[in-house]
Amino acid sequence: MRRLVFAALLAPGLALAAFLPSDRLADPAAEERAQSIGREVRCMVCQGQSIEDSDADLARDLRRIIRERLQAGDDDGTIRGYLQNRYGDFILLRPPFSLATGLLWATPLLALLFGLFLIRRRRAVVVPAAPLTAEERARLDQLSGQS
Amino acid sequence: MSDLTPRPRRRLLLAAPLGVAALGGLGFWYMLSGLQNGSFNPRGVPSALLGRTPPDFTLPPVEGMSHPGLSSADLRGLARPVLVNFWASWCVPCIIEHPQFMALQAEGVPIFGVSYKDRAEDARQFLSRRGDPFTRLGADPPGRVAIDWGVYGVPETYLLDRQGIIRWRYAGPITAEIMNEDVKPLLRRHA
Numbered sequence: 001m002r003r004l005v006f007a008a009l010l011a012p013g014l015a016l017a018a019f020l021p022s023d024r025l026a027d028p029a030a031e032e033r034a035q036s037i038g039r040e041v042r043c044m045v046c047q048g049q050s051i052e053d054s055d056a057d058l059a060r061d062l063r064r065i066i067r068e069r070l071q072a073g074d075d076d077g078t079i080r081g082y083l084q085n086r087y088g089d090f091i092l093l094r095p096p097f098s099l100a101t102g103l104l105w106a107t108p109l110l111a112l113l114f115g116l117f118l119i120r121r122r123r124a125v126v127v128p129a130a131p132l133t134a135e136e137r138a139r140l141d142q143l144s145g146q147s
Numbered sequence: 001m002s003d004l005t006p007r008p009r010r011r012l013l014l015a016a017p018l019g020v021a022a023l024g025g026l027g028f029w030y031m032l033s034g035l036q037n038g039s040f041n042p043r044g045v046p047s048a049l050l051g052r053t054p055p056d057f058t059l060p061p062v063e064g065m066s067h068p069g070l071s072s073a074d075l076r077g078l079a080r081p082v083l084v085n086f087w088a089s090w091c092v093p094c095i096i097e098h099p100q101f102m103a104l105q106a107e108g109v110p111i112f113g114v115s116y117k118d119r120a121e122d123a124r125q126f127l128s129r130r131g132d133p134f135t136r137l138g139a140d141p142p143g144r145v146a147i148d149w150g151v152y153g154v155p156e157t158y159l160l161d162r163q164g165i166i167r168w169r170y171a172g173p174i175t176a177e178i179m180n181e182d183v184k185p186l187l188r189r190h191a
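Chains as they are written, first to last, in this note's numbering: chain E, 1 to 147; chain B, 1 to 191.
No lab work stands behind these hints, which were simulated from the structure alone. Take the hints with a grain of salt, since some may be wrong.
As the list claims (entries may be wrong) - Simulated pairs of lysine to aspartate or glutamate, EDC-like, Cα-Cα distance not exceeding 16 Å:
hint, chain 1, residue 1, chain 2, residue 2
1, B, K117, B, E63
2, B, K117, E, D75
3, B, K117, B, D148
4, B, K184, B, D161
5, B, K184, B, E107
6, B, K117, E, D57
To be verified - Here are the simulated distance ranges between beta carbons:
hint, chain 1, residue 1, chain 2, residue 2, range
7, E, F90, B, S72, 23 to 31 Å
8, B, D56, E, Q71, 16 to 24 Å
9, B, P17, E, A138, 39 to 47 Å
10, B, A21, E, R122, 34 to 42 Å
11, B, S72, E, D55, 28 to 36 Å
12, E, D55, B, G131, 33 to 41 Å
13, E, E31, B, M102, 41 to 49 Å
14, E, F90, B, D56, 21 to 29 Å
15, B, Q125, E, S36, 17 to 25 Å
16, E, L116, B, A191, 49 to 57 Å
17, E, R94, B, R10, 43 to 51 Å
No residue lacks a Cβ here, since even glycine has one placed at the ideal position from N, Cα and C.
Given the sequences, and given the hints that come with them, work out the whole structure.
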């Protein structure tokens, strides 16, 4: 019940985050496509949000540009390329695979391999037990009942 | 047995967290001091246009001003490096950086302005009140040319070399430190 109330309270906020209906495309399929592109595009002003979720001025401009290009017949990749050309890879919330991002993706694996290497090296070194001192030997003999 | 007595190597290992903390503290201090003098911007993103010429564009002059407008043709084959500054009268950081441009213009460096999403009368008023450092001034009320440059907020300043290639971009107000440590050395290097 409480959850439902919260959801009801949050709903108008979500509606506000979406932008003016006049900016939406009349064709629902095209609008859905525009939104799916926009959800993958970073708002450069708020940086943690996609332009579909952002109220920033620039985000609105970029949403309009996506819709204009879409209506002009550009495919999704071309539209993403258009934005990437101007704002760099950072504008894409899902960074493309390149040498730099490849290293980033590989870091957990590299760290794991490094850890395994360290463990193996540690295991390989067998620390020889220090020989007993005369005192220890005497005590041992005493305990084991030999005198 | 012998494992329990601290050996030199073990003692070194115990000191490692301290060393890491000290290094972290140093890095943090460096970051904070950079934040204070403006040389470090945590939200800064390198421009995608670095090393490239700006996109083709033509901007009309700001209505009622004697300055010519700005187009990409004005940014090729320059006599000396120039600054291109995106600004607006409604932008507070633009007021902060304004004196830096007035001083630079007095030294004879050409500064081209783009009036971003602004009304002509507001832009005129801003410049008549605070001084006018611009040699050219293009009006971009819809902000479309700014998007082609990859501008994500005003003020943003670009430095172009004589071939018109973008060599440097700064998002945020130009402070005296940035002027002395970045802009002026770059202007000398590309002169």
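If any of the earlier hints don't hold here, list their numbers in rising order. When the structure is compared with the hints, numbers 2, 10, 15 turn out to be violated.
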